[in-house]
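Enquirer: So the chains spell out like this:
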Amino acid sequence: AQSVTQLGSHVSVSEGALVLLRCNYSSSVPPYLFWYVQYPNQGLQLLLKYTSAATLVKGINGFEAEFKKSETSFHLTKPSAHMSDAAEYFCAVSDQRNNQGGKLIFGQGTELSVKP
Amino acid sequence: DGGITQSPKYLFRKEGQNVTLSCEQNLNHDAMYWYRQDPGQGLRLIYYSQIVNDFQKGDIAEGYSVSREKKESFPLTVTSAQKNPTAFYLCATNGGWTYGYTFGSGTRLTVV
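Protein sequence lines, in the order shown, are assigned to chains E and L. Everything in the first sequence is counted per the working numbering, starting at 1 for the first residue and increasing by one. Everything in the second sequence is counted per the working numbering, starting at 1 for the first residue and increasing by one.
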């Protein structure tokens with residue numbers, strides 16, 4: 001079975017500081033991994049995804065993530081935090097193996113706070 | 001614009017009543033999903049459907065029911081058997097490798 005663990009339910013950074021949100025996965029097959037962002041009372045917006053191409057994945061709003069198979073990790077980073085980055089972030093793994101829909105399995109989420 | 005419409009955004013019900021949450025999509029995606037979100041628990045899969053007239057239970061299906069009579073619609077009924085129905089409910093679709101997953105804006109259900 002596939003699973004995702006996000007280390008740290010709350011992360012606080014200063015504006016302009018590095019953002020690092022941690023995600024480790026468990027999968028018996030090559031994983032497809034995602035990072036989503038959620039603002040209060042809204043749906044999820046895709047930040048980036050890994051689908052077995054380049055291990056360093058660049059997403060929207062300056063975020064990127066690196067797939068490390070040896071560490072079973074897919075940590076999300078951003079060099080310089082902005083106040084607008086304050087939100088909840090979810091890491092997810094998909095069991096999709098063909099062009100039909102697969103299930104997304106989510107981590108517990110990490111709430112990012114950005115201090116001025 | 002193509003997208004997913006969840007209605008209503010906020011819903012209040014008395015304990016013991018069944019309630020149906022609406023999810024409509026005009027993306028022409030085959031697969032649709034319902035997730036439940038609680039603070040600190042991430043999103044948990046309730047039901048999903050990969051094709052019309054077929055659906056499967058997710059991890060927390062007890063106390064919920066769904067139907068998929070049309071490609072565009074995947075309503076979720078929260079029954080009185082659901083012990084703790086107060087939560088934020090998200091509907092999603094999957095358009096395959098090209099279009100990926102799309103999420104609705106959610107319905108917040110409060111049972112009093």
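No wet-lab data here; the hints were simulated from the structure. It is possible that part of the hints are untrue.
Unchecked claim - The calculated label-pair distances, taken between Cβ atoms and stated as ranges, are:
(1) E/ALA54 - L/ASN53: 24 to 32 Å
(2) L/THR5 - E/TYR39: 12 to 20 Å
(3) L/ASN53 - E/ALA53: 31 to 39 Å
(4) L/SER7 - E/LYS58: 31 to 39 Å
(5) L/THR110 - E/THR72: 35 to 43 Å
(6) E/SER80 - L/GLN56: 23 to 31 Å
(7) L/SER22 - E/ASN61: 28 to 36 Å
(8) E/LEU20 - L/ASN53: 16 to 24 Å
To be verified - Lysine-lysine pairs mimicking DSS-like chemistry, simulated, CA-CA at most 27 Å apart:
(9) L/LYS57 - E/LYS49
(10) L/LYS83 - E/LYS103
(11) L/LYS71 - L/LYS57
(12) L/LYS9 - E/LYS103
(13) L/LYS57 - E/LYS103
(14) E/LYS69 - E/LYS115
(15) L/LYS70 - E/LYS103
(16) L/LYS57 - L/LYS83
(17) L/LYS14 - L/LYS71
(18) L/LYS71 - E/LYS103
(19) E/LYS103 - E/LYS58
(20) L/LYS57 - L/LYS9
(21) E/LYS69 - E/LYS49
(22) E/LYS49 - E/LYS103
(23) L/LYS57 - L/LYS14
(24) E/LYS58 - E/LYS68
(25) E/LYS115 - E/LYS58
(26) L/LYS57 - L/LYS70
Just so it is clear, CB atoms sit at the ideal spot from N, CA and C, and this is done for glycine as well.
Enquirer: All hints are to be evaluated individually against the structure, with a verdict given for each.
Expert: Evaluation of the provided hints:
1. Take E/ALA54 and L/ASN53: their Cβ atoms lie about 39 Å apart, and the range 24 to 32 Å is violated.
2. A hinted range of 12 to 20 Å holds for the C-beta pair L/THR5 and E/TYR39, which are about 18 Å apart.
3. For L/ASN53 and E/ALA53, the Cβ-Cβ distance of about 35 Å falls inside the hinted range of 31 to 39 Å, so the restraint holds.
4. Between L/SER7 and E/LYS58, the C-beta spacing of about 35 Å keeps the proposed range 31 to 39 Å intact.
5. Separated by about 38 Å at the C-beta atoms, L/THR110 and E/THR72 satisfy the suggested range of 35 to 43 Å.
6. At about 43 Å, the CB distance of E/SER80 to L/GLN56 disagrees with the hint of 23 to 31 Å.
7. Here the CB-CB span from L/SER22 to E/ASN61 is close to 31 Å, well matched to the stated 28 to 36 Å.
8. Between E/LEU20 and L/ASN53 the Cβ separation comes to about 45 Å, which falls outside the hinted range of 16 to 24 Å.
9. At roughly 26 Å between alpha-carbon atoms, L/LYS57 and E/LYS49 fall within 27 Å of each other, so this suggested pair holds.
10. Under the criterion of a C-alpha separation no larger than 27 Å, the hint pairing L/LYS83 with E/LYS103 is consistent with the structure, at around 25 Å.
11. Pair hint L/LYS71 plus L/LYS57 holds up; C-alpha atoms about 18 Å apart against a cutoff of 27 Å.
12. A distance of roughly 24 Å separates the Cα atoms of L/LYS9 and E/LYS103; the hinted pair therefore holds under the 27 Å criterion.
13. Annotation: proposed proximity of L/LYS57 to E/LYS103 holds, straight-line Cα distance about 11 Å (limit 27 Å).
14. A hinted pair counts as satisfied when its Cα atoms are at most 27 Å apart, and E/LYS69 with E/LYS115 does not qualify at roughly 33 Å.
15. Between L/LYS70 and E/LYS103 the CA atoms are separated by roughly 20 Å; this keeps the pair inside 27 Å, and the hint holds.
16. At most 27 Å may separate the alpha-carbon atoms for a hinted pair to count; L/LYS57 and L/LYS83 meet this at roughly 17 Å.
17. As the CA atoms of L/LYS14 and L/LYS71 are separated by approximately 31 Å, the hinted pair breaks the 27 Å bound.
18. At roughly 18 Å between alpha-carbon atoms, L/LYS71 and E/LYS103 fall within 27 Å of each other, so this suggested pair holds.
19. The hinted pair formed by E/LYS103 and E/LYS58 meets the criterion: a straight-line CA distance of about 23 Å does not exceed 27 Å.
20. Restraint check for L/LYS57 and L/LYS9: the C-alpha separation of about 24 Å stays at or below 27 Å, so the hint holds.
21. In summary, the hint linking E/LYS69 to E/LYS49 is supported, as the alpha carbons are separated by about 15 Å, within the 27 Å threshold.
22. In summary, the hint linking E/LYS49 to E/LYS103 is supported, as the alpha carbons are separated by about 15 Å, within the 27 Å threshold.
23. For a cut-off of 27 Å, the pair hint linking L/LYS57 to L/LYS14 stands: about 26 Å separates their Cα positions.
24. Restraint check for E/LYS58 and E/LYS68: the C-alpha separation of about 15 Å stays at or below 27 Å, so the hint holds.
25. With a C-alpha separation of about 25 Å, the suggested pair E/LYS115 and E/LYS58 falls inside the 27 Å cut-off, and the hint holds.
26. Taking the CA atoms of L/LYS57 and L/LYS70, the gap is near 18 Å; set against the 27 Å cutoff, the hint holds.
This entry does not satisfy hints 1, 6, 8, 14 and 17, going by the numbered hints stated previously.
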